[in-house]
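S.K.: What follows is the residue order along each chain.
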Amino acid sequence: DAGITQSPRYKITETGRQVTLMCHQTWSHSYMFWYRQDLGHGLRLIYYSAAADITDKGEVPDGYVVSRSKTENFPLTLESATRSQTSVYFCASSEPAPLPYEQYFGPGTRLTVT
Amino acid sequence: GNSVTQMEGPVTLSEEAFLTINCTYTATGYPSLFWYVQYPGEGLQLLLKATKADDKGSNKGFEATYRKETTSFHLEKGSVQVSDSAVYFCALGPTIGSQGNLIFGKGTKLSVKP
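These protein sequences, in sequence, are chains A and B.
In terms of the numbering used here, the first sequence opens at residue 332 and continues consecutively.
In terms of the numbering used here, the second sequence opens at residue 146 and continues consecutively.
Since the hints were made in silico from the structure, they are not lab data.
Here the structure is a predicted model, which means the values were calculated and not measured.
One thing to keep in mind: the hints can contain errors.
[As the list claims (entries may be wrong)] Sample of chain A residues at the chain B side, in silico, Cβ under 10 Å:
(1) GLU390
(2) PHE421
(3) CYS422
(4) PRO438
[Said to hold, decoys possible] Pair by pair, the computed Cβ-Cβ distance ranges are:
(5) A/ARG348 x B/LYS201: 43 to 51 Å
(6) B/GLU214 x A/ARG348: 49 to 57 Å
(7) B/LYS201 x A/GLY347: 47 to 55 Å
Here a beta-carbon is modelled for each residue, glycine too, at the ideal position from N, C-alpha and C.
Next up, chain A with everything else stripped away, as it sits in the complex:
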């Protein structure tokens, strides 16, 4: 399917466990992003990547790890999950400038840490 997909869509895990959220896009967009969405905070940027093997921290990177070995994939790993990481996670992608800057979002992963 064309577009941006995330898996799993729902995940329940226990405190202290490692969990990886997957993101895949078929447009060959250069930029990819991970956000978390929490009530009262809107969307906050966790990490982003400008290209394969290039990643950078966003607003709330602590407790998360990313990698990008291929342009189309951008997994997000919680190394030791905590209850405060219960959230909805969105992946997005975009073309770089000078094109109009629009981000395309995946459907989200709802993560619950017990």
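Starting from the known structure of chain A, arrange chain B on it as the hints suggest.
M.R.: The following block gives chain B in isolation, referenced to the frame of chain A:
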């Protein structure tokens, strides 16, 4: 630093009512401005955008005008429908032609009653 402030919700309207969701921003230079919409259970999708002062973005009956003098980008629709029920996010992006990340407001939930 750059920031976006949008009106708190939730907003509840009757069908065919007029909608305004306020959004103001703080930024240096000439940022691009966006409204994204999130329908229940889905990711965000771009609703409209404007890249320079006095630009008007429009889509699906929604409009917003980039007002540099008041640093605002208020979203309006003349007659809302039940299907417009969603969360609306105002976002600030980089100056057109340059790369940067989006900064999102906290979102405004709109409920439209028949």
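S.K.: Of all the hints given earlier, name the ones this structure violates by number, lowest first.
M.R.: none
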